[in-house]
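Asker: Residue-level listing of the chains:
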Amino acid sequence: MAAVKETIDTVAALEKYEHGFTTDIDQEFAPKGLSEDIVRFISAKKDEPEWMLEWRLEAYRRWLELEEPNWAKVSYPKIDYQDTYYYAAPKTKEGPKSLDEVDPELLAVYEKLGIPLKEQAVLAGVEGAPRYAVDAVFDSVSVVTTFKKELAQAGVIFCSMSEAIREHPELVKQYLGSVVPTSDNYFACLNSAVFSDGSFVYVPPGVRCPMELSTYFRINAKDSGQFERTLIIADKGSYVSYLEGCTAPMRDENQLHAAVVELVLLDDAEIKYSTVQNWYPGDPETGKGGIYNFVTKRADCRGDRSKVSWTQVETGSAITWKYPSCVLRGEGSSGEFYSIAVTNGHQQADTGTKMIHLGANTKSRIVAKGISAGKSTSTYRGLVSAHPKAKGARNFTQCDSLLIGKTCAAHTVPYIEARNGQSVFEHEATTTRLSDDQLFYCQQRGLSQEEAVALLVNGFVRDVLQQLPMEFAVEAQKLVAISLEGSVG
Amino acid sequence: MSLASALKTGDVTELPSRRDEDWRWTDLRGLVRVLPESAPKFDGQVAAGPFAGLADGEILFVNGRHVSTNGQGEVMALRFVAATDKTSQGASYALVVEPGASLTLLESHEGRAAGYVTDVALDIAVGEGASLTRIVLVDDDAEAVDVVTARVELGAGATFNQTVLTSGARRQRIETHVAHPGAHAQVRLDGIYLLNAQRHADQTTVVTHDGVDGVTSQLTKGMVADQARGVFQGRIIVQPGADQTDARMGHHALILSDKAEIDAKPELLIFADDVACAHGNTIGALDEEAVFYARQRGIPELEARAMLTEAFVGEVVERIEHDGARELAAAWVAKQLGREE
Chain P
185 MAAVKETIDT
195 VAALEKYEHG
205 FTTDIDQEFA
215 PKGLSEDIVR
225 FISAKKDEPE
235 WMLEWRLEAY
245 RRWLELEEPN
255 WAKVSYPKID
265 YQDTYYYAAP
275 KTKEGPKSLD
285 EVDPELLAVY
295 EKLGIPLKEQ
305 AVLAGVEGAP
315 RYAVDAVFDS
325 VSVVTTFKKE
335 LAQAGVIFCS
345 MSEAIREHPE
355 LVKQYLGSVV
365 PTSDNYFACL
375 NSAVFSDGSF
385 VYVPPGVRCP
395 MELSTYFRIN
405 AKDSGQFERT
415 LIIADKGSYV
425 SYLEGCTAPM
435 RDENQLHAAV
445 VELVLLDDAE
455 IKYSTVQNWY
465 PGDPETGKGG
475 IYNFVTKRAD
485 CRGDRSKVSW
495 TQVETGSAIT
505 WKYPSCVLRG
515 EGSSGEFYSI
525 AVTNGHQQAD
535 TGTKMIHLGA
545 NTKSRIVAKG
555 ISAGKSTSTY
565 RGLVSAHPKA
575 KGARNFTQCD
585 SLLIGKTCAA
595 HTVPYIEARN
605 GQSVFEHEAT
615 TTRLSDDQLF
625 YCQQRGLSQE
635 EAVALLVNGF
645 VRDVLQQLPM
655 EFAVEAQKLV
665 AISLEGSVG
Chain F
5 MSLASALKTG
15 DVTELPSRRD
25 EDWRWTDLRG
35 LVRVLPESAP
45 KFDGQVAAGP
55 FAGLADGEIL
65 FVNGRHVSTN
75 GQGEVMALRF
85 VAATDKTSQG
95 ASYALVVEPG
105 ASLTLLESHE
115 GRAAGYVTDV
125 ALDIAVGEGA
135 SLTRIVLVDD
145 DAEAVDVVTA
155 RVELGAGATF
165 NQTVLTSGAR
175 RQRIETHVAH
185 PGAHAQVRLD
195 GIYLLNAQRH
205 ADQTTVVTHD
215 GVDGVTSQLT
225 KGMVADQARG
235 VFQGRIIVQP
245 GADQTDARMG
255 HHALILSDKA
265 EIDAKPELLI
275 FADDVACAHG
285 NTIGALDEEA
295 VFYARQRGIP
305 ELEARAMLTE
315 AFVGEVVERI
325 EHDGARELAA
335 AWVAKQLGRE
345 E
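Residue numbers (my numbering), protein chains in the order written: chain P, 185 to 673; chain F, 5 to 345.
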């Protein structure tokens, strides 16, 4: 009954959005609005080479020609792209050489969020506890990256994107934009023009990354957008597990987050990418404020037998528009997508995945669990397609939706395109509410209604939680319970 | 954007294209560059339809024009015949099933010409406690473009059963919209498509549950061979307040060739919480072990494959309530698969 105990403790510890604090930190901004000058400004701030600036300007020009997509089942007032700061960074003297030089205010933020930035702090835990390296991104810049030395010994490059552009231009040039091209879609294009920072990972052939890598994104500044760009390259036969977490303060204004994540996998490589997304969801009563989370994530399984696994727990954001995809190009490559999307209050989530089978004997698996409560809407939108050359392709998809309350909505919109006679696609979806019988059973045994709901919901999403790395799974379980607080009765 | 409006105005830009989300797999705009001239009045004799002998009466349309209505009864044949090559035609028909009444509609779309473009719109109202069974047999020319749209509204406690049997056309869409504002409606929406050569068939359904306690059971099965393309788009909408809805949708298809294609979009849009909705979708090849088993027992390969396909879609045939129509559907399946006696 340990699980029950844990659930009860979790529920007992419930509070509203706990990462909603703001930090008064000396920051430096680019002027509001977006223009070629702003793009130049960002590029100059980052001390970028000429080719990078050209790349950005090209993206910006294309962005001007694109139209904002409107096919998702989300509605929001028109975004004024000129009313946002595209660059906000904590002021620093020279660029900190070590953690001691980082603004203590900033360190306090991460301590409050429970993110271990001090390497010894990680080690201070239980002996043999798993360690993970952190890249902390605060608004537009990466503040600190831990364990770099130890990772470098294994040959793994883990640094901020700005650093990668300076230190490893050959890798960046080769792979940046090769998975998500500049003009892929409206938000990816905007990101390409103004992206400020993000993480860069390169794992050399045959290396199993010695620890979990993670990036922690924090939006702090008012009226600013966050546009990070992550690029992970897993060379032949390598393995890396990468975690991503995000939070933002509570504000009445909506803030834009348009990120791009590119994963490149060569022969026999494997990437496990986990996200716990907990951006500020807006006021649960009025729907005011919250983050617009418009993200493009894609993995390109170029190599034979490569494997990518996306796991996401989406509990935050006012609006989520996100479809982590797998391009299964290499023979025998496989893609997995495990997702929990929890919406409450006035949140809207339109999320899912694309599994594009191009190579022979490619496999994919999709398990998506959506939970809607309050006045929220949650949509699963997915595409599974098999090219004529993808002989022996195999897909299994399961999407289940759970509705809590009379005013929420849950939608399932899968697209399946089969173009050869030797592949097998299976898809099943269900939509139900929490079973009265099960609730009654739990309450009969002395659980309160909220405890019972949390317990049943955790059972509903168990398949996905099991895919998360340990530390994240505990965190995610709590998050799911917190997000659903106040949704019953 | 519809074929009907394009036929009315003669403007091909009115045709739905790939850019229209609901038509992405059934592109008319890209196929029809010029609309053929309007079909003339047909004076010749029209041979008996596929349901002859099963119905009490017959309503006949030829080249988009109503020609005759003979007889009356609980089983009626509704025929749409295209009789002139390379022409276009549009027809519409409204049908009311009175409260408490029961009707079996045996509808056939008969291509007796080549390369025609045809649009049929049906408006059906099923009264309170009434029951309608609609069996649709579509037998189009390989070069035809055919769009059939039926809008069905159900009164409280009404029952609507439908089975569509089609062998496809150059481009074909059989679209059914069912709404039930009243309570306790029962809907069965089935389909079979058996396609070869370069044929295309699109079965699109939209069921909107407005009233409480509605039940929808949907099963579509299909087979595509050669370069054929099968499309299934099923949408079930449960509106706020439509509690106790029980909706199940299934689409299962076989692809027998590497150049064939199946596209499916089974959608659930749920705005009420006290519901049970599910859909299942599978696409794959015939089970090679089953084929091997049959061959081991002396059944030639082609026949074994046809037999297995027949058994696969047989489940849909079995669900037809009307005895005569069920037998006819079984015979139609056998014929399409080249297994006639």
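The hints are simulated quantities; they were obtained by calculation from the structure and are not laboratory data. Just so you know, not all the hints are guaranteed correct.
Claimed, not checked - Capping the alpha-carbon separation at 25 Å, the derived lysine-lysine pairs in DSS-like fashion look like this:
hint, chain 1, residue 1, chain 2, residue 2
1, F, Lys12, P, Lys547
2, P, Lys573, P, Lys590
3, P, Lys573, F, Lys263
4, F, Lys90, P, Lys538
5, P, Lys575, F, Lys263
6, P, Lys257, P, Lys357
Said to hold, decoys possible - Pairwise CB distance ranges, derived in the manner of DEER restraints:
hint, chain 1, residue 1, chain 2, residue 2, range
7, P, Gln633, F, Glu319, 41 to 49 Å
8, F, Arg23, P, Pro388, 50 to 58 Å
9, P, Gly390, F, Glu307, 51 to 59 Å
Given the structure is predicted, the values throughout are model-derived calculations rather than measurements. Beta carbons: idealized from backbone N, C-alpha and C, even for Gly.
Asker: It remains to establish, for every hint, whether it holds in the given structure.
Answerer: Status of each hint after checking the structure:
A threshold of 25 Å between alpha carbons decides the hint, and for F:Lys12 with P:Lys547 the separation of about 48 Å lies outside it, so the pair is violated. At most 25 Å may separate the alpha-carbon atoms for a hinted pair to count; P:Lys573 and P:Lys590 exceed this at roughly 46 Å. Between P:Lys573 and F:Lys263, the direct Cα distance comes to roughly 10 Å. Compliance with the 25 Å bound is thereby established for this hinted pair. This hinted pair does not check out: F:Lys90 and P:Lys538 have alpha carbons roughly 41 Å apart, beyond 25 Å.
At roughly 12 Å between alpha-carbon atoms, P:Lys575 and F:Lys263 fall within 25 Å of each other, so this suggested pair holds. For a cut-off of 25 Å, the pair hint linking P:Lys257 to P:Lys357 is broken: about 36 Å separates their Cα positions. Here the CB-CB span from P:Gln633 to F:Glu319 is close to 43 Å, well matched to the stated 41 to 49 Å. A hinted range of 50 to 58 Å is violated for the C-beta pair F:Arg23 and P:Pro388, which are about 45 Å apart.
Checking the proposed 51 to 59 Å range against P:Gly390 and F:Glu307 shows it holds: the Cβ atoms sit about 53 Å from each other.
In this structure, the hints that do not hold are numbers 1, 2, 4, 6 and 8, in rising order.
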